[in-house]
Amino acid sequence: MNNFPPYKIFLSFVLVFLCVALFLLLNPGDKYRIKVLVPETTKEGGGLIKGRSPRPPEISGVIVHPADEPVTRLEKITPADQSEYPDFISPRGIEYPNGDENILIPFIESIKGIEKEGSQTRILYFGDSQIEGDRITKFVRKRLQSEYGGSGPGMLPLMEPVYVSISLEFQQSSNWKKYDYLVNQQPSSTQGMGTMLSYSVYEGSEANLSISLKEEQDIAGRYFNCLRLILIPGSGEGVIRYSSSSTAIREWIVPSGSELVQFQFSFPSIQSELRLEFDNLAGAKMMGLSLESTTGVLVDNIAHRGSAGLEFSRDGTGSFREMANFLDPDLVVLQFGINVVPAKSNDFAYYGAYLAEEIRFLQEQIPGVPILIVGVSDMGQLVKGIPTGYLSVEKVNEVQRETARQTGSAFFDLLAFMGGAGSFKEWMDAEPILMRRDFTHFSHAGGAYVAEGIAQALIGAVERSNNPEDNGI
Amino acid sequence: MEFDLWKYLVFSPDEPMYFTSAIFWGFLSLVLLFYSLFYKKPILRNAYLLLVSMYFYYQAGGWFFLMLIFSTLVDYILGLRIHAAKTNRGRKLFLMASLLVNIGILGYFKYSYFFVDLISGLFGIDIQVTNVFAHLLNRTAGTDLDIHTIILPVGVSFYTFQTISYTIDVYRKHVKPVRNIIDFGFYVSFFPQLVAGPIVRAAAFIPQLYQKYSLSERQVWHAVFLIMGGLVKKILVADYLAVDLIDKVFESPLSFTGFENLLSIYAYAVQIYFDFSGYTDIAIGVALLLGFKLPINFNAPYQARSLTDFWRRWHISLSSWLRDYLYIPLGGNRKGKIRTAMHLLVTMLLGGLWHGAHWRFVLWGFYHGMLLLLERLFISRTAGLDHSHAWKIWLSRILTFHLVLAGWLIFRAESPLIAWNMVSQVFSHFGGGAVLQYIQSNSIIIGLMVISFFLIGMPARIKETIRGWFIIRPYWLKILIVLVVIFIVYQFQISEQKPFIYFRF
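Protein chains in written order, with the working numbering: chain A, 1 to 473; chain B, 1001 to 1505.
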């Protein structure tokens, strides 16, 4: 037998290496990488032109390390106070443009009203996939409800095909469909989407829906005693039947109409589940369902995968304002940015301009309601095999801060809270892991820390209003 | 840009040397270049490969290569002592010493936390794990090492089993002890199979140490084919599915529909098989390029017609090790039905525990043990029936696969609650209305799954035909194919290099 000497294999290896080296030389910046084959979680962004442009690709999905904390242990990993933060986390308070601490006064007054008048304080918490599935908002809600009272998960879409909430279990007939501005685009752009930026409809004459709050929830999150349903009925009279484990079936007769209507019902006792049956309401647009307490803090999780926070002004029908009138929010939180960072641009001023337009739209729709911008979180990507932070993170963060200043909004510097640009590596290396292996999304444990940071900053703002000498956090 | 050569020469905990890292293939090229100087003389060849193997282990696991040297020296000496002992008692004594050292190393590094937690839980006392080596170093050398953490050395489960099999084989007189420490060190540490097997028996490998280098051109391309296949299995399929589907669903199953949960369970069956068999294919290919033959570790396991058949096809080197060094010594099936059942259960429980210091691996072993017992009962009752019909063959394959699949759910889920949540999501929140939407927007995952199961079910003769076709192509075409495969793998490379699953065991 003829032996094949090792040096011949070596020469073949060299030949292959040379070809690969040549390819890499001609391929700076992954020019020949077929984007569609890269997992969605690592896609780079494209352009970001408002309106008619394709939406910025979402860094979506939830990539985690197997060793991450399971859902059932979430309660245990929520830090009780800032002394339990890892070293690289830098807790901070709310930033006010031009030092104007009055920005949050309406929110703070509303919080104080909970104790004085037994009123509600509602926070509309908008965000991208970073808050999907109630990941961060659940802990913000839990913290604020434990501080000021309140229970229930707040406003929900009636159908969620993209993700499943960690707080709720939905069971529904299969004829539901959800429309929104991004993932399941609405059939007609002339129809409003309300404050949820989405609506659900069903096909056929009947549909049903059961919701139960998951047992892993904290006590407050597991119960509600008030139900709201906001919808546009459409033509024809319909019926909605609702019941819980401890109440008899009740009915709402829904008259026909093209205006937004709200049905509200307070249960005599606390509930943890609900069943709804819809009859002859095939044309109705279900804008949202809220499970809440009649008093205390409510935090609505309004997550939109792929969003950069630029969809609010698409509503030309006034549905946002009308629905907000029903809900009477006291604070709007905007947590966006991870879909902007990967865009190949050196100047994100255009994003600031668009975001400012959106904020002004919100200020027109819900005048007097303060807005808190939560800055972009740190994130990275793999460059030639090495986890590398996006240089644009700091730019986007600064643009968001400047937009807050221009629009008179409050700002929470999440990037600084995390430890600054490049800190995503420490979040990934932490035990339990705080950032997922897509270098972008927080793990449940990481989300709990972020939520704690934001909630503490808000609590600090309230406490500071009581005692101006207090530094807030 | 400054090129920092030193960075690539020293161990980096963040970037250990895996088969999937470019640095490994550079390392292998240099090994082959200098191998040309030594390959004709077995003594020099073995010494050279021992040296590069130690360096490889240093690059993969850091300073734990010192422990590998310690383990090698101990078993080398004890192997000689066992052989030289005049009495059975003496032979037994040296064998016990070998078992004590090897199992001691494995137990200390791998199971300390497990047993400490177990004792703490059982007796309600608070015991902390202490790294005695770090403690001793701190006391004697004034170092400041963390004494509360014990790190699992990479590959320790594999090479300790390999050395245990050696001393037992010497004790049983199945092999003669290796006289030369270099040859023995090379047998223990041969780098292609050092960190994740296959667990090579002395009888199969040691004779090769004394044979002349023999490698045909066909074998070279056979090896290249195996390496390419292994890389495709690992990077293109296993890592992609893990990052884009499996990890996220297994972390938080209630955040996904029942369909995604079900899909991720099937995907994990693909991932673990392609990950481990991919590693083995690369290991066999690399060893072959150096002129050594390693045994196969997988033989189309998902085509098995029964659980017994599955264990003859899955991780063959481990299952045969457990059979020869645990099940049979316990008494095998020679001591009545009840004892046989007990031997089987103990073997499977310990086999499960070998995979990791966690109750879920014990449960997984128990699950397989119970199924094997039930299967024996069932087979003994249907012994006279004809099982050769095609539909029966396929039915038994599908049934076996799904039993294995349920086992993987236990194996992968971090806790029974996670496994339960996944199953309950499948039955209570399947999300049938969103299936089409999911498939449309996740066509790569679905495509990979379909191709993977097609390959898994492909008859061996077709695979052989494809390999044969590749081997006889002209040189330029084979190089072109290799480049195309590298290009495709590059397209699928994900955000982070994921270690092979079995590196953790």
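No lab work stands behind these hints: they were computed from the structure.
Values in this document were obtained by computation on a predicted structure and should not be read as measured data.
Glycine included, each C-beta is placed from N, C-alpha and C at the ideal position.
Heads up, a few of these hints could be off.
[Unchecked claim] Coverage of chain B stretches by chain A, computed from C-beta distances (three or more under 8 Å per stretch; other residues unrestricted):
#1 1044-1057
#2 1208-1215
#3 1477-1483
[Claimed, not checked] Far from chain A, by Cβ distances over 10 Å, these chain B residues were calculated:
#4 W1025
#5 L1032
#6 L1033
#7 G1090
#8 I1127
#9 L1136
#10 L1289
#11 S1428
#12 W1469
Structure-based check of all given hints:
Requiring three or more residues with a Cβ within less than 8 Å of a Cβ of chain A, the coverage given for the region 1044-1057 of chain B is violated, as only 0 such residues are present. Restraint check on the region 1208-1215 of chain B versus chain A: 3 residues with Cβ-Cβ distances below 8 Å, three needed, restraint holds. For the region 1477-1483 of chain B, the assignment as covered by chain A holds, since 3 residues bring a beta-carbon within under 8 Å of that chain's beta-carbons and 3 suffice. Distance check for B/W1025 against chain A: the nearest CB is about 7 Å away, which does not clear 10 Å, and the non-interface claim fails.
A Cβ of chain A approaches the Cβ of B/L1032 within 10 Å, the least distance being about 4 Å, so the stated non-interface status is violated. Once the 10 Å rule is applied to beta carbons, B/L1033 is inconsistent with being away from chain A; the minimum gap is 5 Å. Non-interface status of B/G1090 relative to chain A is upheld: no Cβ of that chain comes within 10 Å, the nearest being about 44 Å off. For B/I1127, the condition that its CB be more than 10 Å from all CB atoms of chain A holds, with the nearest at approximately 20 Å.
For B/L1136, the shortest C-beta to C-beta distance to chain A comes to about 25 Å, beyond the 10 Å cut-off, and the non-interface label holds. Under the 10 Å C-beta cut-off, the non-interface status given to B/L1289 relative to chain A is violated; the minimum distance is some 6 Å. The non-interface label for B/S1428 is inconsistent with chain A: the shortest C-beta to C-beta separation is roughly 7 Å, within 10 Å. Interface exclusion of B/W1469 from chain A stands, the closest Cβ pair being 19 Å apart, more than 10 Å.
Of the numbered hints given earlier, the model fails hints 1, 4, 5, 6, 10 and 11; all others are met.
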